[in-house]
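Just so you know, the protein sequences line up as chains A and B, in that order.
If you read the first sequence in the working numbering, its first letter stands for residue 9, the second for the next number, and so on.
If you read the second sequence in the working numbering, its first letter stands for residue 9, the second for the next number, and so on.
Certain hints may be false.
All copies of an identical chain are treated as equivalent in the list; a pair is satisfied when it fits inside any one copy or across any two copies.
Unchecked claim - Straight line, CA to CA, 35 Å or less: simulated DSBU-like cross-link-like pairs of lysine-lysine: (1) Lys83 x Lys54; (2) Lys120 x Lys83; (3) Lys83 x Lys131; (4) Lys54 x Lys120.
Simulated from the structure, these hints should not be mistaken for laboratory data.
Next come the chains, spelled out residue by residue.
2 protein chains.
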Amino acid sequence: MQDSIEETTDFRPKFGADGLIVVAVTEASTRQLLMLAWMNREALDKTLATGDAWYWSRSRQALWRKGETSGHVQKAVELRTDCDQDALELVVEQTGPACHTDRKSCFYRVVKTAENGARLVFKETAD
Amino acid sequence: MQDSIEETTDFRPKFGADGLIVVAVTEASTRQLLMLAWMNREALDKTLATGDAWYWSRSRQALWRKGETSGHVQKAVELRTDCDQDALELVVEQTGPACHTDRKSCFYRVVKTAENGARLVFKETAD
Chain A
9 MQDSIEETTD FRPKFGADGL IVVAVTEAST RQLLMLAWMN REALDKTLAT GDAWYWSRSR
69 QALWRKGETS GHVQKAVELR TDCDQDALEL VVEQTGPACH TDRKSCFYRV VKTAENGARL
129 VFKETAD
Chain B
9 MQDSIEETTD FRPKFGADGL IVVAVTEAST RQLLMLAWMN REALDKTLAT GDAWYWSRSR
69 QALWRKGETS GHVQKAVELR TDCDQDALEL VVEQTGPACH TDRKSCFYRV VKTAENGARL
129 VFKETAD
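Based on the provided sequences and hints, a complete structural model is requested.
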C-alpha cells in the first residue's frame, strides 16, 4: 500500500493557511516557465472542470480566468503536483504573451551581481 | 526614466510577511521545472555570493544548501525575477535527482480527473 504523501495516487493538494497553493505555469511546447500564480480550491476545481486556467488574484482578492480581459488565455494541457503536494505545475498552451507587460514570460529580467549591488538585465527574447 | 516595478533595473525582491519569496527551479539544459522552493534574504544572498543554491526550509525552519546531505547540489546558472518581483526563477545545473524521492523532478505525478474524483498518475521519466 502506497500511503506516503510522496507515493500516494490520491490527489491531496495542501492549501496554505490563506487557502492558496502556488502554481508554476509552464508552456507545453517549450517547457518555458511562463509565470507563477496562486489557486484556491475554487480556481483549481474550475481549471480541472473547464480546461481553462483559473487563478486567485492576491492583489485583487478575486477569482480570475487568465486572459478574460486580455484574450491571452491558457488552455490546460496537464496538471502536475509535487512530492509533498504543496505546489502545482500547470502545463499550458498559451495564447499570446503570458505576462501583463506583453512579454512571453513574466521572468524577462536576469539578476546580475555587481560590486555596487545586484542589478537586472532585460532578456526579452523567448529565452 | 523606467521607474515602474515592471521596468526597473533595480533588483527589489518582495519577500512576503513571513520573510520568504517563492523560487521556481528549472534545469538549464532542458528548461524542465525541477522543484519549487523558498528563499529568505540570507538564502538569496548566499546563492548570489556562492553560486550554490541555498533555500529556506519551511518544515525545518532552517537555512539549507541544496544537496548538503544528498550530494545532489544545484549550481546556479542564472537567477531571474518576475514582473512584480514577488517570485524568482533559479536556472540550475542539477547534480543527480532534484527530488528527495530520487526522481529527477518533484513534479512526477499528473492529476487525472475521473467521475469519482481526481487521481494521480505517476510519470517518472524525464518528462
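Numbers of unmet hints, in rising order: As far as the earlier hints go, not one is violated by this structure.
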